[in-house]
Amino acid sequence: MTHSLHREGTVDSLERDYAVFIYPARGFNYAGSGPKVMRLMELLFLAGPSNMSVTTLRKNLYSGVPQAEFLSSIKDGARVFSVFSDRVKVVEALRRLKEADEGISIVVSGLVDRAREMSAEVGLNPHTVNLSLGIHGGTDTLPPPDIRQFTTMCGHGLVSPKLVRDVLRKVKRGKLTTWEGSLIVAKPCACGIFNPHRSEEMLNDLSPVYTVSRW
Amino acid sequence: MMIRKEVCVGCGRCQPYCPAGAIVYEGLKSCVVREVCYECGTCRRAEICPVDAIAESPDVFEYPRSVRKYFSDPTTTHVSTGISGRGTEESKTNDVTLRVKADEVGIGIEAGRPTVGMSIRDIQKITRALARAGVNEIEPNNPVHSMMADFTTGDLKPELMGERVLSAIIELVVKRDRLGHVLRTLKEVSKDLESVFSLDVFTVVEPGLKIPSEVLQTIESEGFTWMPNAKINMGLGRAWEKG
Chain R
352 MTHSLHREGT VDSLERDYAV FIYPARGFNY AGSGPKVMRL MELLFLAGPS
402 NMSVTTLRKN LYSGVPQAEF LSSIKDGARV FSVFSDRVKV VEALRRLKEA
452 DEGISIVVSG LVDRAREMSA EVGLNPHTVN LSLGIHGGTD TLPPPDIRQF
502 TTMCGHGLVS PKLVRDVLRK VKRGKLTTWE GSLIVAKPCA CGIFNPHRSE
552 EMLNDLSPVY TVSRW
Chain H
239 MMIRKEVCVG CGRCQPYCPA GAIVYEGLKS CVVREVCYEC GTCRRAEICP
289 VDAIAESPDV FEYPRSVRKY FSDPTTTHVS TGISGRGTEE SKTNDVTLRV
339 KADEVGIGIE AGRPTVGMSI RDIQKITRAL ARAGVNEIEP NNPVHSMMAD
389 FTTGDLKPEL MGERVLSAII ELVVKRDRLG HVLRTLKEVS KDLESVFSLD
439 VFTVVEPGLK IPSEVLQTIE SEGFTWMPNA KINMGLGRAW EKG
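Protein chains in written order, with my numbering: chain R, 352 to 566; chain H, 239 to 481.
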């Protein structure tokens, strides 16, 4: 699971945050999926994602790896993860993916109302929805919501709250720009769905008002 | 993970990267607190150490410590399932697999998420509560299935009790009319947990991405709310290996 349904933040911020996945199904359409996934990933590249990764490489778009290497790493069963900051780009991506008609599952994670509009615009018939019912249990162990809006962009929990605070502190002290800070926070996310454009916005919003100690 | 003390220069740059907060100063050098570390490998992948002092624990792939690695490092392929990741393909390929049918719901209990992690003992509280409530439809293709010792009691394998993981997902598929029962059970057990879980419910939708009212009413009547964002399978997949 990518946990992408549990991304936290204001609705206004989530309006600029859509994860898009290309996902072959083990035992159903794995065999021969490699070339199809490669074609679909090319189409996602053309639509202008904010970040991207493929399971055969596990490097994100800002790792310095050339796009050609992302594509050449793909083999049967490879899954592609991407994130977009612009609804218009998602519609463009979905239009291209639909036209390609490769038969591989496509998943969009984001605001349901927007996904409904986009489906109607492109002429898609969504099949399944996975709803988030929030966080339960010992919630007093959680970092505060303003930190979680960063950390929940990595579903595997690899973006440490301490790293977010450390970057905030460095941005506040002028040691990093918000974009440099965003790329540092994005790096641990092995799936490439951490949205650095969104986190740059959030660092811009938070750094003037945030007071941090050593951590 | 471990930090080679003879190499470490004590700069502390690795410390904020650890999701578990397991890297601390010991004297003038950084060290990994072994009991706290999830073996997720984030510190090493960050390539932040100026002297390459970070290394894998020598016993990282030895059972039972290996469960930390398999459940916490998404770049590692899980031995029991042969796939990377904590769960199955769940809703992401449901248009092809039809794993959850129109009269069913899928439930994902994402133990330890977001970021907090969970002890196996805490996970066992959930599996035991589900077993007591007669909910034993745990997804066989999910790695948690391989940790079960007794499905009738919900007991996990005793040798795992000292371990903890960054995330593990208990996946269920039940008939829609059982959703309320499962949600009640989870609400009850959540009071006894030290850590947290994120909760997912997935269902086949009606035309126009209309979420079945039966599912929404059940969620609401059990005192839960759904978030404005969700994961949506866009219905573009098809099978060619079967049938």
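Check before you lean on any hint, since a few could be wrong.
Stated by the list, open to error - Computed cross-link-like contacts, DSS-like style, restricted to lysine-lysine with a CA-CA straight-line distance of at most 27 Å: (1) H/K429 to H/K448; (2) R/K513 to H/K413; (3) R/K521 to R/K440; (4) H/K363 to H/K267; (5) H/K339 to H/K429; (6) H/K395 to H/K363; (7) H/K267 to R/K521; (8) H/K339 to R/K440; (9) R/K449 to R/K426; (10) H/K339 to H/K448; (11) H/K425 to H/K339; (12) R/K513 to R/K440; (13) H/K425 to R/K526; (14) R/K449 to H/K429; (15) R/K410 to R/K426; (16) R/K449 to H/K267; (17) H/K267 to H/K243; (18) R/K513 to H/K339; (19) H/K425 to H/K413.
Hints in this document: simulated from the structure, not taken from any laboratory.
Do the hints match the structure? See the list:
The suggested pairing of H/K429 with H/K448 is violated, with an alpha-carbon distance near 33 Å, which exceeds 27 Å. About 41 Å separates the Cα atoms of R/K513 and H/K413, which puts this hinted pair outside 27 Å; it is violated. The straight-line distance between the Cα atoms of R/K521 and R/K440 is roughly 32 Å, outside the 27 Å bound, and the hint therefore fails. With a C-alpha separation of about 38 Å, the suggested pairing of H/K363 with H/K267 is violated against the 27 Å cut-off.
Between H/K339 and H/K429 the alpha-carbon distance is near 31 Å, which puts this suggested pair outside the 27 Å criterion. This hinted pair checks out: H/K395 and H/K363 have alpha carbons roughly 13 Å apart, not beyond 27 Å. Restraint check for H/K267 and R/K521: the C-alpha separation of about 22 Å stays at or below 27 Å, so the hint holds. With a C-alpha separation of about 32 Å, the suggested pair H/K339 and R/K440 falls outside the 27 Å cut-off, and the hint is violated.
For a cut-off of 27 Å, the pair hint linking R/K449 to R/K426 stands: about 21 Å separates their Cα positions. Distance hint between H/K339 and H/K448 is fulfilled; the C-alpha atoms sit about 16 Å from each other, no more than 27 Å. With a CA separation close to 25 Å, the supplied pair H/K425 and H/K339 stays within the 27 Å bound. Pair hint R/K513 plus R/K440 does not hold up; C-alpha atoms about 32 Å apart against a cutoff of 27 Å.
The hinted pair formed by H/K425 and R/K526 fails the criterion: a straight-line CA distance of about 45 Å is larger than 27 Å. A C-alpha spacing of about 45 Å is found between R/K449 and H/K429, which places the hinted pair above 27 Å, so the restraint is violated. Distance hint between R/K410 and R/K426 is fulfilled; the C-alpha atoms sit about 16 Å from each other, no more than 27 Å. Using a Cα cut-off of 27 Å, the hinted pair R/K449 and H/K267 is violated, with the two alpha carbons roughly 54 Å apart.
Using a Cα cut-off of 27 Å, the hinted pair H/K267 and H/K243 holds, with the two alpha carbons roughly 7 Å apart. Between R/K513 and H/K339 the CA atoms are separated by roughly 42 Å; this puts the pair beyond 27 Å, and the hint is violated. Between H/K425 and H/K413 the alpha-carbon distance is near 19 Å, which keeps this suggested pair within the 27 Å criterion.
In summary, the numbered hints that this structure violates are 1, 2, 3, 4, 5, 8, 12, 13, 14, 16, 18.
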